[in-house]
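Engineer: Go ahead and model the full structure; you've got the sequences and the hints to work with.
Line by line, the protein sequences give chains A and B. Position 150 of the first sequence, counted from 1, bears residue number 150 in the working numbering, the numbering being contiguous throughout. Position 214 of the second sequence, counted from 1, bears residue number 214 in the working numbering, the numbering being contiguous throughout.
Partner residues aside, some chain A positions facing chain B, computed with beta carbon under 10 Å: (1) Ala184; (2) Arg193; (3) Ser204.
Using C-beta positions, here's what the derived DEER-type ranges look like: (4) Arg115/B to Arg110/A: 27 to 35 Å; (5) Asn206/B to Arg110/A: 31 to 39 Å; (6) Val286/A to His18/B: 48 to 56 Å; (7) Leu278/A to Val71/B: 55 to 63 Å.
Calculated from the structure, these hints are not laboratory results. Just so it is clear, CB atoms sit at the ideal spot from N, CA and C, and this is done for glycine as well.
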Amino acid sequence: MASNVVTPPLRARTSNRLWRVFANHLATVAAVGATIVVMAPLIAIFFYLIYKGASSLNLAFFTQIPKPVGEVGGGMANAIVGSGVLLAIASLMGVPIGIAGGIYIAEFGRNKRLANMVRFTADVLNGVPSIVMGIAVFTLIVLPQKGFSALSGGVALGIMMIPTITRTTEEMLLMVPLNVREAALGLGVPNWRSVLSITLRTASPGVITGCMLAFARVAGETAPLLFTAFGNQFWSVSLNQPIAALPLQIFVYAISPYDEWHRLAWAGALVLIVLIVLSVALVRYVANRGVLKGAS
Amino acid sequence: MGVEIEVSDLNAWYGTNHTLQNISLRIPANHATALIGPSGCGKSTFVRCLNRMHETNPIGRVTGTVRVGPVDIYAQASPVEIRRRIGMVFQRPNPFPTMSIYDNVASGLRLNGFRNRKILDEVVERSLQQAALWDEVKNDLKKKSGASLSGGQQQRLCIARALAVDPEVMLMDEPASALDPVSTAKIEDLIFQLKSQYTIVIVTHNMQQAARVAENTGFFLNGKLVEFDATHKIFTNPTDKRTEDYITGRFG
Chain A
1 MASNVVTPPL RARTSNRLWR VFANHLATVA AVGATIVVMA PLIAIFFYLI YKGASSLNLA
61 FFTQIPKPVG EVGGGMANAI VGSGVLLAIA SLMGVPIGIA GGIYIAEFGR NKRLANMVRF
121 TADVLNGVPS IVMGIAVFTL IVLPQKGFSA LSGGVALGIM MIPTITRTTE EMLLMVPLNV
181 REAALGLGVP NWRSVLSITL RTASPGVITG CMLAFARVAG ETAPLLFTAF GNQFWSVSLN
241 QPIAALPLQI FVYAISPYDE WHRLAWAGAL VLIVLIVLSV ALVRYVANRG VLKGAS
Chain B
1 MGVEIEVSDL NAWYGTNHTL QNISLRIPAN HATALIGPSG CGKSTFVRCL NRMHETNPIG
61 RVTGTVRVGP VDIYAQASPV EIRRRIGMVF QRPNPFPTMS IYDNVASGLR LNGFRNRKIL
121 DEVVERSLQQ AALWDEVKND LKKKSGASLS GGQQQRLCIA RALAVDPEVM LMDEPASALD
181 PVSTAKIEDL IFQLKSQYTI VIVTHNMQQA ARVAENTGFF LNGKLVEFDA THKIFTNPTD
241 KRTEDYITGR FG
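Structural biologist: What follows is the structure in C-alpha cells.
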C-alpha cells in the first residue's frame, strides 16, 4: 500500500459515514418539506375555490351578464371578455416596452448612467402599490378624457407589467454566454441584428417566463382598475367606455350583502385562476413547439 | 480564394495592459500559418485584431495597420464588412443553441438578409461537406439542435458555419484544444484540405499540431512576435534562443 495515503482511524470513518448519510437524508427531507410548504397555499386556495365556487358554475355563468339585485342567476360573460380586452391592451403595451427596456439595459446601455436609471426606476416601479398606479392613470388618462375607460385600465395594467418584464429580460440576456454573441459578431452580423436574432432568441424561454409572470400578476389586479376601467354591469368592449373585469366583479360581489352574489364571487375567482393557468399553459405549449431536440 | 494578410506595427491594449507590441508580419495566401506561444502571450489577441473582434471588448484598443488583400481593414472598411470576409472559429465550439444544424450553417447568410431557399440549401450542404460533417448529420439537419452534437461535431459545425459565408480567410483560435484526439485529427485533416482555398491562421498550444498543419509558424512571447519563419525552420533550427527554449520545453 502506498505509504503516503493517510488512513483515518476506523471509528472516525464510521461515525463520519453515519453522519454523512444522516445529513444527506436531512437535506432531502428539508428540500421536500420546503417544496410542500411552497405548494400548500396554492393547492389549498385552489381546492377551496372549487369547494366554494364550482357549484355556482353553469353555462349561464359564461354566457350571461350580471342580473339585477334580487333576481337569481346571471353570469360574468362580460367580465370574462372585459378581462380579456384589458389584458390584451396591457400585454400589447407592456410586453414590447418591457422587452425593449430589458434589451437596452443588458445590451446597449452597459455601464451607462441612463441604463442604471432605467434599472432603478423599474425596481421602484415594481414596488409602487397597485392602487397608486390606478390613481396615477386616473389623473393622466381618465380625467383628461372625462370618463372611465377600458383603455385607461389596460394602460394601468400595462405599466405594471413593464418592470417585471424589463428586469427578467435583462437577467436572461445577461445569461447568454459571451461565446454565442461572439459567434454572431464573427460572422459579420451587425450588433443590433445579433442582439435581436441571436441573443434574444437564445434567451427567449426565460423572457417568455418573465412575460407570463407579469401577465399572471396583473390578471388578478383589482385596485388599479377601480379608478380606470371602473367596471360595467352591461356588455361593452368599447375602448373608451367603462369595462367589466373579473377581479372587479369579484370585488363588487364579495363585499355585497347577498349570499347569491357571494357564491358568484367564488365562482368568478375560480374561473379567474383557471383562465390564468390555462393561458400560461397555452403560451408555454406554443413556445415549446418550436424547440428542437437537444436544444439548451 | 484566400488573400494575403499584411500586418505592420500592430499594437493592442486591454485597458492599460499593452498586450501586443509592434507586431509586423506577412501571412501568405492559401497557406496555413500557426501561431504558438505560452498562455497570455498575445496570440489570441493578435488573431482577434485580424477581424476587428478585439474592439468588441469595451476596453480593447488597437493601432497599426492590417491589410487583408488590398483592403486596410482599420481604415477602409467597417468591422461588420470585414468579419464577413474573414471567418472565425473559436476555442470552445459555440453553435447557436436554439437553432437547428441547418439554421446554424445558414445563419451567416440569413442574418445578413439572404433568403433564397434553394441557394441556402446548396450552401448548407456544400459547407457541411467541406467541414466533413455532412454524412453524420444529413438526416437530422432541421430536427436537431446544433447543441445536441458532440464537441468535435459542434466544432466542425462552427467551421461549416464560418465557411458558408464564403470567407477569404479563416482564423482559428485553438480550434481543437477542447476536443479529444480523434476529433482533433479530423479538424487537422480539415485544415489541410481547406488551405488550398483559404488563408488559414491557427492559434495552437499544441506544437505537433503546428508542425503538422502549417507551412509557417510565428512564436509569440509577452506580447511580442519573437520569430516568424517556415515551420520546419522554427522547429529544427530556430534563430532565437527563446524560441528554442520554448519548443524544447525548457519553459512555458
